[in-house]
Amino acid sequence: MSSPIRILTAVPICDGHDSAINTINLEFIRHGIEVIYLGYHRSVSDIVRAAIQEDVRAIGISSYNGGHIEFFAEVVNLLRKKGADDIKVFGGGGGTITHDDAAIMKGKGVEEVFFAGTSLEEMVKFVHQRYGKLRGKRPRPKSGDQELARGLSAIEDAYAKRKRSTLKGRIRNPQSAIRTSRVIGFTGPGGAGKTTLIDELVLRFLNRNSKGRIAILSHDPSVVGEGALLGDRATMINSQDDRVFMRSMATRGQAGGLSPATRDCLTRLAQSNFDYVIIETVGTGQEAMPFQKNGIVDLTVLVMNPDYGSRLQLQKIVMLDLADIVVVNKSDLQRARTAHTEIEQRLEQNRRSQRLIDTVAKRHRDPGVDKLFGLITRKEL
Amino acid sequence: MSKLGRVVESVENYNKFVLDQVKRARTDEKFGRELLGRWIDIKAKIPTTRTPTGLPLPRLALPEIDEPGEIARYLYGEGLPGEFPYLNAAYREMYLESVREIESFEKTNGRTRPEPARRGEGAPDKKIPQAEEPTRLFSGLMLAEDTNERFHYLTRHQRTHRLSTAFDGPTLYGIDSDADGVFGKIGEGGVAIDTVEDMVRLYDGFDLGSPNFSASMTISGPAPIIMAMYIAAAKRRFGPKVVPKLRGTIQADIFKEVQAQNETIFPIEPSLRFLTDMVEFTTREMPRWYPISISGYHIGEAGSTPVQQAAYTLSNGFAYVEMFGGRGIPVDQFGPRLSFFLDCGLDAEYIALARVSRRIWAIGMRDVFGAGPKAQLYKLHTQTSGRSLIAAEFKNNLTRTAAELVLAYMNATNSCHSNSADEPFTTPTEEWIRLAAHGQAILLEESGIFKHTMNMLSGSPGMKAVERSVEAAILDEFREIERLGGVLSAVEERYQRSQIQNAAHRYEQQIYDGIRPIVGLNRYRDGDEEIPEVKLVRTPRSKQQLQVDRLAKFKKKNAEKAKRALDKLAEVADGGENVFPTLLDAAEVCSLGQITGRLQEVVGRFRPMV
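Those protein sequences? They're chains E and A, same order as listed. Take 2 as the starting number for the first sequence in the working numbering and just add one per residue. Take 529 as the starting number for the second sequence in the working numbering and just add one per residue.
These are computed hints drawn from the structure, not numbers from a lab. Where hints are given, some of them may not hold.
Unchecked claim - Using 25 Å as the maximum straight-line C-alpha spacing, the simulated DMTMM-like pairs for lysine to aspartate or glutamate come out as follows:
no., chain 1, residue 1, chain 2, residue 2
1, E, 363, A, 850
2, E, 109, A, 708
3, E, 372, A, 850
4, E, 363, A, 1105
5, A, 923, E, 102
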């Protein structure tokens, strides 16, 4: 079995028309396609960077606010310039893209333009037919990020074919491998605000460190039929930066919040000269224990929502025993104080030096997030 | 219980009150007689008019009832036009032409002649409180001078100049025309505005302080900045004394942006703070300005059901009222300066969607927020549905828009925009704009549907059934929002967004499955794909470059002043006081993008919701 098709979808800069793309995304994932959704109001450079890092087969752009001839052409050109022209571009814009426009756009290297009235079925068929085949021989990577991205694809593909043994350079003992990055794991229930919190930490990293780089390995669940909507990038406004390498992975049928290929991908990232590698799990349940003791993760952060239910529920959350730092996010909610007290008591039972921090990640310049950033970047912890 | 929960209660209580009055009218003989007397009085005072064919008609149509209980149900449950709870209309008379006197008609011996001379002379007519044409056409293209030319073209035959401005993408997102990657978007879909100088060009030749002029600006995320630029432009042309005379509307609806339209530039809370800052200023200094247009249009266009559109618009409105009130602005001061904007499509709900909205608003404002009569009015601008228009066999769009116009006027909208048939492909071209505008004139002036009689099409059993059903569904939506902790919490939990997205998905699926017939698409489709020949409006590269160059010149000229103004702005924004006065100063010397960027440094950027 081969890997699902990975494509990136986005809406151009200065355009908030996301109704069509939302519908199309859902249709794609129902038909086994993994969609990395970049969101609306996205610049050419954000789109191309993301496409290369995610190593997608194609970029689908939904444009309703005009300027499509220029925008699509700029995406194609920048891909070419970056040596990534094996990533194809298609798109549509209802009636705003005329047949004449489409002809010009195709002349400039756009593979397909869908007009108003195209059924979702036709689009799905197009993606399957055009991008379902194995890729031919690819040109030599032009950048380190491109090479890394392809390496991660190779790992994912090998797992999809269940041929782990054929994997070149597979690391059998991650701890012994040459490590260049500090790896921080984020986990916690869905909706606790992990993604926002990570994005805010990235912002602080970029502001305070003028040269360093950071990598993010983010996970979203695969749905029945093996597609997945990988949407973290859409809300991570600060992480769309040349100094951030982000990769979105679908869990591809594995329970526990990670993908079968996660460990190898993470190892590869940890060896790739990033100052920090952040790994974010899918929203997890009480029993989840995504990061093993003695694994590759140096520091684990559990992000909680104050609304976890009764105090009894806390006893069942395994990660509360294992996490180095527990964050109560959304601490502006009414229940946050109670949550803090209850979690504090729960942590005291463990008799470890676990830290408990309250944050409001959605708030700009939140002091709680500052504190968390300080803790994470202090090596001795 | 949040205020929205209390609104639900107030509507339920009011409905109970109406039933009590009905019962009382039937059991309390004295009360019944009083009502009957009032009813007879009201009917006796209705003037009669004549149609051009000589048919006498009452200026106001009332139901044929003479039983006190039914009279009570009508007077309390619906209210006469212009009377609480304003189901029928916000004003006593709308769209009506002047009364054709019966005598003068008889003198012409039965020959029908409308009195063109008298009307043409503009004889003062005290019987028509709303002297303005309800037509307000949305427009914006290329650079400020191009849109200005279009504005002059659109208003050349109108007594009053009501301009409605569409902005291009970069402006809507608060960024400059020289920003990375926006070339190609400059002047597309609306006018490019970067500086106060563009704003001066945009309304050149119009008398901004005149009582016959009003400007509407469709922009929300950067609305306070654009508002400041408009004021700065007006001051440049007419001096500081013009400020209190400025008339117009700025959209400034943050909630619907977050729920549907995605043009938010700051996080929700600072966005709401800057909005309130602006409302505080305009309420005090610009009493004729509408500082917010609470908009369901974009919610509808993003795919919501009609009920969701009405419910979210109303609940957003009540949330703003609570917020402005919380700032200490008296409800009777800002309440009359709120206006609403709805979409009108072809679904059955539109038969009464605005009527029901008007009633719920009035009851909530009076009984929950203690508003006086002027602040109870749900003043409505309607636009026909853009989503209902399709590219295939696009001339059918004229018929769609015409049907939607009938529905909009049946709901007694205070003003209306009719879409151009070519809208699925492009910024409307003059030929189709003209047809769209004429559609309204044909309906209101040529046809006798609205000009002779108020409530001509109101009150059918079908309409009543829709009203009951729509009201119940809106209240259900309110209850759900209330359960989530009110509008702001629901927004933060993405409740409205997901509801809208689900509805959009269902709509597309219905078209695909053929359950929702669309002529020319899934019904009666011509075998050959028709390639429409429309003249496209696109901004030439040279014009885009001109805008970029002008901006560079402006920035260079004002570099030092801009720095000082931005520093001051950042300082005020970082503190808690009202930023609007500082924004006014900054707008004189800074570009839109400079101001947005600096404010984002202080309060952060909006994090999109997906």
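Discussion item. For a quick check of understanding: which of the numbered hints are violated here, in increasing order?
Written reply: Checked against the structure, the only hint that fails is number 3, while the rest are satisfied.
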